[in-house]
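Asks: Make a model of the complete structure from these sequences and hints.
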Amino acid sequence: MGKIGIIIRREYFTRIRNRTFIVMCFLAPLFFAGLVIVPPLLAGKPGAPRKIVVVDASGIPDSLSYAFIFKDTLNLRFDYSYVYKGLTNVESAFKDSDQVSILYIPENFMGGGDTTQNHSIGLSVILKSTREPGFNTLNLLQSVLSAEVQRDMMKRNGISQRVMDLTLKKVAVDNEVKGHIGISEIKAVTGLIFGMVIYVYILLFGVLVMKGVVEEKTTRIVEVIVSSVKPFQLMLGKIIGVALVGLTQFTAWIVLSFAIIIPVINHINEYKTDISQHTQANMTTGVAIQSGPRLMNFDITEETQKTVETIMSIPWGNLIPAFLFYFIFGYLMYAAIFAAIGSGADKNADTSQFSAPVTIPLIISIASSASVLNDPDGPIAKWLSMIPFTSPVVMLMRIPFGGVMVWELLLSVAILIVSFLLMTWLAGKIYRVGILMYGKKITWKELGKWLFYKP
Numbered sequence: 152m153g154k155i156g157i158i159i160r161r162e163y164f165t166r167i168r169n170r171t172f173i174v175m176c177f178l179a180p181l182f183f184a185g186l187v188i189v190p191p192l193l194a195g196k197p198g199a200p201r202k203i204v205v206v207d208a209s210g211i212p213d214s215l216s217y218a219f220i221f222k223d224t225l226n227l228r229f230d231y232s233y234v235y236k237g238l239t240n241v242e243s244a245f246k247d248s249d250q251v252s253i254l255y256i257p258e259n260f261m262g263g264g265d266t267t268q269n270h271s272i273g274l275s276v277i278l279k280s281t282r283e284p285g286f287n288t289l290n291l292l293q294s295v296l297s298a299e300v301q302r303d304m305m306k307r308n309g310i311s312q313r314v315m316d317l318t319l320k321k322v323a324v325d326n327e328v329k330g331h332i333g334i335s336e337i338k339a340v341t342g343l344i345f346g347m348v349i350y351v352y353i354l355l356f357g358v359l360v361m362k363g364v365v366e367e368k369t370t371r372i373v374e375v376i377v378s379s380v381k382p383f384q385l386m387l388g389k390i391i392g393v394a395l396v397g398l399t400q401f402t403a404w405i406v407l408s409f410a411i412i413i414p415v416i417n418h419i420n421e422y423k424t425d426i427s428q429h430t431q432a433n434m435t436t437g438v439a440i441q442s443g444p445r446l447m448n449f450d451i452t453e454e455t456q457k458t459v460e461t462i463m464s465i466p467w468g469n470l471i472p473a474f475l476f477y478f479i480f481g482y483l484m485y486a487a488i489f490a491a492i493g494s495g496a497d498k499n500a501d502t503s504q505f506s507a508p509v510t511i512p513l514i515i516s517i518a519s520s521a522s523v524l525n526d527p528d529g530p531i532a533k534w535l536s537m538i539p540f541t542s543p544v545v546m547l548m549r550i551p552f553g554g555v556m557v558w559e560l561l562l563s564v565a566i567l568i569v570s571f572l573l574m575t576w577l578a579g580k581i582y583r584v585g586i587l588m589y590g591k592k593i594t595w596k597e598l599g600k601w602l603f604y605k606p
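Numbering (the numbering used here), first residue to last: 152 to 606.
Calculated from the structure, these hints are not laboratory results. On a predicted model such as this, the values are computed, not experimentally measured, just so you know. Hints are not guaranteed to be accurate.
[Unchecked claim] Straight-line alpha carbon distances no greater than 25 Å define the calculated BS3-like cross-link-like pairs of lysine-lysine that follow: (1) K202 - K279; (2) K222 - K236; (3) K222 - K279; (4) K306 - K320; (5) K600 - K362; (6) K202 - K222; (7) K580 - K592; (8) K236 - K246; (9) K154 - K381; (10) K381 - K498; (11) K202 - K236; (12) K154 - K362; (13) K222 - K306; (14) K381 - K600; (15) K592 - K498; (16) K596 - K580; (17) K246 - K202; (18) K498 - K600; (19) K498 - K596; (20) K279 - K236; (21) K580 - K600; (22) K580 - K362; (23) K596 - K362; (24) K381 - K580; (25) K362 - K498; (26) K279 - K246; (27) K362 - K592; (28) K381 - K362; (29) K592 - K381; (30) K580 - K498; (31) K222 - K246; (32) K320 - K222; (33) K154 - K580.
Replies: Dropping the structure here:
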């Protein structure tokens with residue numbers, strides 16, 4: 152173990168003193184913090200102000216007109232000065248205005264115009280702009296108009312106000328699993344994040360092991376090293392050393408990311424509070440921002456409580472230990488394979504034909520994430536969480552949903568441990584031959600022969 156320890160220390164300190172390693176320790180947290188901080192800020196910003204000039208050609212009386220149902224929002228201002236000026240005149244007046252849109256209500260809208268031709272009732276309006284107004288603007292207009300039309304149609308058919316309110320109210324479907332009400336999307340995102348971390352870690356540092364082996368073999372350094380240690384000890388020391396480098400880097404990323412995010416998060420919450428207060432103020436004046444009643448019925452406290460309950464219902468006692476286990480053993484198994492591939496190549500270009508098939512199971516585990524997250528207890532998810540080449544990613548996607556049985560988890564763990572030992576033993580047999588083999592282009596057949604060479 153003493154010689155392996157020396158190799159581990161050499162691999163570890165050589166790599167963490169590398170300038171690229173130090174730079175990435177700081178750049179990656181900045182990038183990650185940007186992904187966390189920037190989207191909420193952008194989502195909370197109201198965007199460029201836009202004036203919407205309403206033009207009504209429907210001929211519906213003012214008391215029933217749909218032209219006056221809109222209220223100003225954070226970035227939209229409605230102008231009713233040109234309601235009956237005619238579309239041609241209004242288009243001429245605002246033809247050079249980039250931040251002005253014209254909301255045109257046509258003659259046949261809701262049976263307007265010639266009331267004797269009720270068969271020509273229209274349910275569409277036109278928003279004319281010189282520049283794209285954006286999805287949020289279109290969605291708001293559509294939501295307000297749809298809610299108002301639904302109310303009017305029910306009134307015309309003698310439906311009471313109480314029935315209208317109940318009809319237009321959105322029905323909530325609470326997802327209750329084992330007595331806990333939760334939000335499935337949060338569980339899915341949690342599983343996907345944990346699975347993606349393992350996927351990236353295995354690929355990033357497994358390939359690093361392979362390139363390190365090829366580099367030492369190309370520079371003939373390995374000939375000096377194997378004169379003092381056995382090839383298997385060299386391979387194992389290199390794999391463990393790079394694993395420690397990866398753990399160090401991930402730890403640095405997590406600590407620095409939180410150090411950047413936490414001081415900023417309070418400012419984001421304060422900003423969101425201001426936006427929410429502004430929105431609530433507008434809502435009390437009658438702004439409708441979704442289909443249903445004109446006043447939006449949205450309980451922030453209830454949504455927050457559901458989110459907290461969902462997070463608390465995730466089986467963290469199983470997820471964290473499982474993450475650490477699959478994180479380590481998944482890497483060790485793949486790193487042994489990558490080391491064996493690197494030992495048979497004279498240059499990095501020769502490794503591509505062998506490394507691509509090795510990474511296919513990992514790619515499959517990510518490609519199947521939609522199926523796994525949609526049905527975490529389905530046959531596809533269960534089989535992929537047992538296969539050792541896909542289980543490190545897929546099992547981490549399943550655990551947050553809480554449906555993984557103890558025997559399933561133990562069986563998956565046992566299969567991965569046995570596979571790790573088997574792959575390490577096979578990789579060691581290839582490594583001890585390939586590490587000193589030069590000038591011969593390797594093939595799958597050649598690698599198979601190396602398995603049966605006797606030392």
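Asks: Work down the list of hints and note, for each, if the structure agrees.
Replies: Outcome of the hint check:
Between K202 and K279, the direct Cα distance comes to roughly 12 Å. Compliance with the 25 Å bound is thereby established for this hinted pair. With a CA separation close to 20 Å, the supplied pair K222 and K236 stays within the 25 Å bound. Using a Cα cut-off of 25 Å, the hinted pair K222 and K279 holds, with the two alpha carbons roughly 19 Å apart. This hinted pair checks out: K306 and K320 have alpha carbons roughly 16 Å apart, not beyond 25 Å.
For the suggested pair K600 and K362, the alpha carbons sit about 23 Å apart, so the restraint of at most 25 Å is met. Annotation: proposed proximity of K202 to K222 holds, straight-line Cα distance about 12 Å (limit 25 Å). Note on K580 and K592: the hinted pairing holds, with a Cα-Cα distance of about 18 Å set against a maximum of 25 Å. As the CA atoms of K236 and K246 are separated by approximately 15 Å, the hinted pair is consistent with the 25 Å bound.
Among the hinted pairs, K154 with K381 is consistent with the structure: their alpha-carbon atoms are about 9 Å apart, no more than 25 Å. Between the alpha carbons of K381 and K498 the distance comes to roughly 23 Å, so the proposed pair stays at or under 25 Å and holds. A C-alpha spacing of about 17 Å is found between K202 and K236, which places the hinted pair at or below 25 Å, so the restraint holds. Our distance criterion of 25 Å between C-alpha atoms is met by K154 and K362, whose separation comes to about 22 Å.
Pair hint K222 plus K306 holds up; C-alpha atoms about 22 Å apart against a cutoff of 25 Å. With a C-alpha separation of about 20 Å, the suggested pairing of K381 with K600 holds against the 25 Å cut-off. Annotation: proposed proximity of K592 to K498 holds, straight-line Cα distance about 10 Å (limit 25 Å). In summary, the hint linking K596 to K580 is supported, as the alpha carbons are separated by about 15 Å, within the 25 Å threshold.
Between K246 and K202, the direct Cα distance comes to roughly 13 Å. Compliance with the 25 Å bound is thereby established for this hinted pair. Taking the CA atoms of K498 and K600, the gap is near 21 Å; set against the 25 Å cutoff, the hint holds. Taken as a hint, the K498 and K596 pair is honoured in the structure, with Cα atoms around 19 Å apart against an allowance of 25 Å. At most 25 Å may separate the alpha-carbon atoms for a hinted pair to count; K279 and K236 meet this at roughly 16 Å.
The straight-line distance between the Cα atoms of K580 and K600 is roughly 10 Å, inside the 25 Å bound, and the hint therefore holds. Restraint check for K580 and K362: satisfied, since their Cα atoms lie roughly 19 Å apart, inside the 25 Å limit. A threshold of 25 Å between alpha carbons decides the hint, and for K596 with K362 the separation of about 22 Å falls inside it, so the pair holds. At most 25 Å may separate the alpha-carbon atoms for a hinted pair to count; K381 and K580 meet this at roughly 12 Å.
Distance check on the hinted pair: K362 and K498 sit about 9 Å apart at the alpha-carbon level, within 25 Å; holds. Between K279 and K246, the direct Cα distance comes to roughly 10 Å. Compliance with the 25 Å bound is thereby established for this hinted pair. Our distance criterion of 25 Å between C-alpha atoms is met by K362 and K592, whose separation comes to about 17 Å. A threshold of 25 Å between alpha carbons decides the hint, and for K381 with K362 the separation of about 20 Å falls inside it, so the pair holds.
Distance restraint check for K592 and K381: the Cα-Cα separation of roughly 24 Å lies within the 25 Å cut-off, and the hinted pair is therefore satisfied. The hinted pair formed by K580 and K498 meets the criterion: a straight-line CA distance of about 20 Å does not exceed 25 Å. Distance restraint check for K222 and K246: the Cα-Cα separation of roughly 24 Å lies within the 25 Å cut-off, and the hinted pair is therefore satisfied. At most 25 Å may separate the alpha-carbon atoms for a hinted pair to count; K320 and K222 meet this at roughly 21 Å.
A distance of roughly 19 Å separates the Cα atoms of K154 and K580; the hinted pair therefore holds under the 25 Å criterion.
In summary, the structure agrees with every hint in the numbered list given earlier.
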